[in-house]
Amino acid sequence: LLDIRDLKLSYGGISALKGINFHVNSKELVTLIGANGAGKTSTLKVIAGLLKPSAGSIHFSGMAIGGKPAYELAQHGIGLVPEGRGVFARMTILENLQMGAYLRQASDPTERITHDLDGVLELFPRLKERLNQLAGTLSGGEQQRVALARAFITQPEILFADEPTGNLDSNTGEKITELLFELNQENETTLILVTHDHHLADLCQRQLRLS
Numbered sequence: 017l018l019d020i021r022d023l024k025l026s027y028g029g030i031s032a033l034k035g036i037n038f039h040v041n042s043k044e045l046v047t048l049i050g051a052n053g054a055g056k057t058s059t060l061k062v063i064a065g066l067l068k069p070s071a072g073s074i075h076f077s078g079m080a081i082g083g084k085p086a087y088e089l090a091q092h093g094i095g096l097v098p099e100g101r102g103v104f105a106r107m108t109i110l111e112n113l114q115m116g117a118y119l120r121q122a123s124d125p126t127e128r129i130t131h132d133l134d135g136v137l138e139l140f141p142r143l144k145e146r147l148n149q150l151a152g153t154l155s156g157g158e159q160q161r162v163a164l165a166r167a168f169i170t171q172p173e174i175l176f177a178d179e180p181t182g183n184l185d186s187n188t189g190e191k192i193t194e195l196l197f198e199l200n201q202e203n204e205t206t207l208i209l210v211t212h213d214h215h216l217a218d219l220c221q222r223q224l225r226l227s
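Numbering (my numbering), first residue to last: 17 to 227.
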């Protein structure tokens, strides 16, 4: 599904990625591991279109996507839950989720989007109870749920999640882990995680080491 060859990224004169190579099969659940500064977050951002690679190739479902913008890649089924959650703090939970469905409005009927939104909210009942609350007033765990729900509503074929359980208490982290596995196993969504959570990493099918 995803094939990375000799991927490089430079910030000015600094090399952030020095030739990354890996592949991910459809429906896999894998994690990127490596020391701090190995480029795990940068790798996700380049693949998701938030950063442009300096060299190398990225192929998704046989299509070359290196350097394409994030909004275009989202239309092709690539989703990202960024580190730090990245919710729209001054927008309500509902408005955050509607932003996740924004690119679908041109192709999907409103009824289907509404049906999928209802389905996502069944996974996140605590969000359903407070749809009109501003996202910035939520706890860290609730904001993480918003970020995940917003990504789910895009219906990604492959989803990148950067530290999905980071800075959460163990109980909330376990619930987020369960949701990720449900997405992978029941929805058959391919997942690539960056995590310092050893329990979560050990549950993944493969660990891809960056060095």
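These are calculated hints, taken from the structure and not from any lab test. There may be inaccurate statements among the hints.
Unchecked claim - Taking lysine to any residue pairs in the SDA-like style, the calculated list, with each CA pair at most 20 Å apart, reads:
no., residue 1, residue 2
1, Lys24, Gln114
2, Lys144, Ser123
3, Lys84, Arg106
4, Lys24, Gln91
5, Lys68, Thr57
6, Lys24, Met115
7, Lys43, Ala217
8, Lys24, Ser42
9, Lys191, Leu154
10, Lys34, Glu44
11, Lys84, Ala105
12, Lys144, Ile81
13, Lys144, Glu173
14, Lys43, Leu154
15, Lys84, Glu173
16, Lys191, Val46
17, Lys144, His131
18, Lys24, Ile49
19, Lys34, Gly100
20, Lys24, His39
21, Lys34, Gly78
As the list claims (entries may be wrong) - Taking CB as the label site, the calculated pair distances span:
no., residue 1, residue 2, range
22, Glu111, Glu194, 35 to 43 Å
23, Thr153, His75, 40 to 48 Å
24, Ala80, Glu204, 23 to 31 Å
25, Ser123, Asn203, 17 to 25 Å
26, Asn187, Asn148, 21 to 29 Å
27, Asp22, His92, 37 to 45 Å
Keep in mind it's a predicted model, so treat the numbers as computed, not measured. Where a beta carbon is used, it is the ideal one built from N, C-alpha and C, also for glycine.
Now the hints, each set against the structure:
1. Lys24 <-> Gln114: It is violated: about 34 Å lies between the C-alpha atoms, which goes past 20 Å.
2. Lys144 <-> Ser123: violated (25 Å)
3. Lys84 <-> Arg106: Judged against 20 Å, a Cα distance of about 29 Å means the pair is violated.
4. Lys24 <-> Gln91: violated (24 Å)
5. Lys68 <-> Thr57: Cα-Cα ~13 Å, so holds.
6. Lys24 <-> Met115: Not satisfied, since the Cα-Cα distance of roughly 31 Å exceeds 20 Å.
7. Lys43 <-> Ala217: holds (16 Å)
8. Lys24 <-> Ser42: violated (24 Å)
9. Lys191 <-> Leu154: With Cα atoms ~17 Å apart, Lys191 and Leu154 stay inside 20 Å; holds.
10. Lys34 <-> Glu44: Violated: Lys34 and Glu44 sit about 25 Å apart, past 20 Å.
11. Lys84 <-> Ala105: violated (27 Å)
12. Lys144 <-> Ile81: violated (35 Å)
13. Lys144 <-> Glu173: Violated, because 24 Å separates the two Cα atoms, which is more than 20 Å.
14. Lys43 <-> Leu154: violated (32 Å)
15. Lys84 <-> Glu173: With a Cα-Cα distance of about 17 Å, the restraint between Lys84 and Glu173 holds, given a limit of 20 Å.
16. Lys191 <-> Val46: holds (18 Å)
17. Lys144 <-> His131: holds (14 Å)
18. Lys24 <-> Ile49: holds (17 Å)
19. Lys34 <-> Gly100: violated (25 Å)
20. Lys24 <-> His39: Distance ~16 Å between Lys24 and His39 Cα, so the pair holds.
21. Lys34 <-> Gly78: violated (23 Å)
22. Glu111 <-> Glu194: 35 to 43 Å: Once the Cβ atoms are compared, 26 Å apart, the range 35 to 43 Å for Glu194 and Glu111 is violated.
23. Thr153 <-> His75: 40 to 48 Å: At roughly 42 Å between Cβ atoms, His75 and Thr153 fall inside 40 to 48 Å, so the hint holds.
24. Ala80 <-> Glu204: 23 to 31 Å: holds (24 Å)
25. Ser123 <-> Asn203: 17 to 25 Å: Distance hint for Ser123, Asn203 holds at roughly 19 Å.
26. Asn187 <-> Asn148: 21 to 29 Å: holds (26 Å)
27. Asp22 <-> His92: 37 to 45 Å: Once the Cβ atoms are compared, 22 Å apart, the range 37 to 45 Å for His92 and Asp22 is violated.
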